[in-house]
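Engineer: Letter by letter, the chains look like this.
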Amino acid sequence: MAHPRASTQSQRFAQFKLVLLGESAVGKSSLVLRFVKDQFDDYRESTIGAAFLTQTIALDETTTIKFEIWDTAGQERYKSLAPMYYRNANCAVVVYDITQASSLDKAKAWVKELQRQANENIVIALAGNKLDLASDPSKRAVETAEAEAYAREAGLLFFETSAKTAENVKELFTAIAKKLPLDQQGPRGGRAGGAGGRGVDLKGGSAAQQQGCNC
Amino acid sequence: MGDFNEEYDVVIVGTGLTECILSGVFGAEGKKVLNIDKNSYYGGESASLNMLEMWKKFRWTEDQRRKEIEKAKAEEERKSVDATPGMAGSEPPAVFGTKPSEWNQWHISLVPKFLMADGELTNVLHKTGVTRYIDLLQVGGSYVVKKGTPYKVPSTRMEAVTSSLVSLFQKNHLQAFLQFIANYKEDDSTTHKQGLDLDKTTMREAYKLFSLDAWTSEFIGHAMALYVDDSYLDRPAREPIERIILYVRSMARFGKSPYIFPLHGLGELPERFSFLSAVYGGTYALNTPLQEILYDENGQVSGVKFPHPNTKEEVTVKTKKVVADPSYFLGDEKKIRHVGQLIRAICVLTHPIEGTEMADSAQIIIPASQIGRRHDIYISLVSSTFNVCPKGFYLASVSTVIENPSAGNPHAELEPGFERLGLGSGRLGDREEKFIQVVDLYEPVEDGTKDNVFISRSYDASTHFETCTVDDVKDIYKRLVGKDLLIEERKEEPVEE
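Protein sequence lines correspond, in order, to chains A and B.
Under this note's numbering, think of the first position of the first sequence as 1, with each following residue one higher.
Under this note's numbering, think of the first position of the second sequence as 1, with each following residue one higher.
Mixed in with the good hints, there may be bad ones.
What the hints assert, rightly or not - Where chain A lies over chain B, by a calculated footprint (3+ residues, C-beta under 8 Å): (1) 257-265; (2) 268-276; (3) 288-300; (4) 473-486.
To be verified - For lysine-lysine, the following BS3-like pairs were computed, each having C-alpha atoms within a straight-line distance of at most 30 Å: (5) A:K112 to B:K67; (6) A:K179 to B:K31; (7) B:K320 to B:K31; (8) A:K66 to B:K127.
It is worth saying that the hints were derived from the structure and are not from the lab.
Treat the numbers as computed from the prediction; the structure is a model and nothing was measured.
Quick reminder that beta carbons are idealized off the backbone N, C-alpha and C, glycines included.
The following block holds chain A by itself, in its conformation from the complex (with noise of 0.2 Å):
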């Protein structure tokens, strides 16, 4: 959920829940690790041991943006997520691999999941991965055309991306980020602030009481 949190009278800081969805191996923990430490691996096994980061850019001089990136686990592989991964996401970024064709149809089903399960004002971006693979034009399996048009009539951001080169991996969640709608108050659900600060913290003793939560 947003937690716009004023430090001063001009800062506004706000952070949202960001998750990824699409086929197996469409690069998606690796265009997380890109955007978060800027890292890429050749050899990356599917995803283990990783799949909650958070990452914070500064739109401009006042406002700073965190995102809480939720990455599948791997149990999109038979279909296996669980609810509680989409409920309250305030975003997400659906990747598929330009070099698969199939990818793209199961990049479109995840977005119709999306839309009929999830918050019905979520902001989601189609990110057509592995760019970089373009190079040999013959490896390419979906027109930018193709997906940019779906995207459009779909209503989403749209990005080919690279976690390998970094090419327009920043550029997809600042768009997502500016399309966030900042100033929206009150519990969309989410962390402690949900539970309207009657979250009981278990770490403390006795009798604390948690006022939200700086996760």
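Based on the hints, put chain B in the right spot on chain A.
Structural biologist: Same frame as chain A, now just chain B:
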């Protein structure tokens, strides 16, 4: 990206809370774990369902549910993205929502149990780091019904003085008892009560030692020690005393009641544990029934057969250990034993419960003696504060052990509970609903050490989680691994690299 591995250290069948905790624990230990579940959702018996799922489970026929699955399959084969799936059965009434995003605002727990704030399950949640991603809220009140009126359960000396639940003559005795409970330390004999040997003295005698009368001991045993019947009275006092200590300590943690409950309902727990397990490399496949367990010549597990969740082709994986919930062995008398029947009604209400000071959440116990029964009736109430239903609605659960199955009318056994909810004599408002279920309880016949198939127990009648889940988790772990489960506290972020 490969498909299923050829071999797993453990195959876990079912995604109930017990199974998911074990899966998370094994994953964290580096074991290779495969989890399958026949349902389309996580949690099995301990799931939270949205309104459409509730409707399908309780209002559709078996035939309609089967047709719906076939339709979904056909649609997938056509790879159609645009067609909206028509439904094989009726939709929920419009007052509960008319589209998925509205039905998804309901998280109705099938086994609406509370957690004790200072209990073992809470401890496990904290130690495994799962609480970083779950918000737990305190439950608004803990009540016991006497002569048709709910009273707050007193748990401190102060409350013993002011409570009108006990007679004037009993107040001093109750105070002395609660003082003993608050001070008790196992290794400090000055805090012990003379003449009370926790391992020898029965609880019945222990009450006498403190001069507690029949009613005072009744509400202590049922509303604090949380026994559903009176069989504990003639057993050693240790277990009931420990349970009362747990109640009082849990109460002291957050103040309003000893109970806590997750935002978005109980289904959060198995979902989060499954996610934890997946982060450690565990594989999950829903919509995947268990076809067969394979055994070697010594009668020990050698593998598991199931239809591939995507292609539906038969898959066999090797494994030497299987953990499963009893619902996968129905009718197999060599594996599971029927131990009882509960009846549970999940009620959608539009008002809080009378006599609870408009509490947005509460546990109410109607002791058996008050209504001429042998087993208590348990009521739990949660509301939109917990994000389990839209604003203006409340979810109440009424449950008890079926005492008279031959009468053929188990619903009648819940009547005193329905009266408490304002639903007596079948009354039901326009925007209200009752989902009633008879639940069969099972336990494993054998402990699993012979064939390496470890079966969990059904969740019992009570509305709290202490007695069953964590004990069962520890028990299965010990039998499977051969040593005690020790969950070490994770100091680092479990899922952040």
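Engineer: Provide an ascending list of the numbers of those earlier hints which the structure does not satisfy.
Structural biologist: Structure breaks hints 3, 4, 6.
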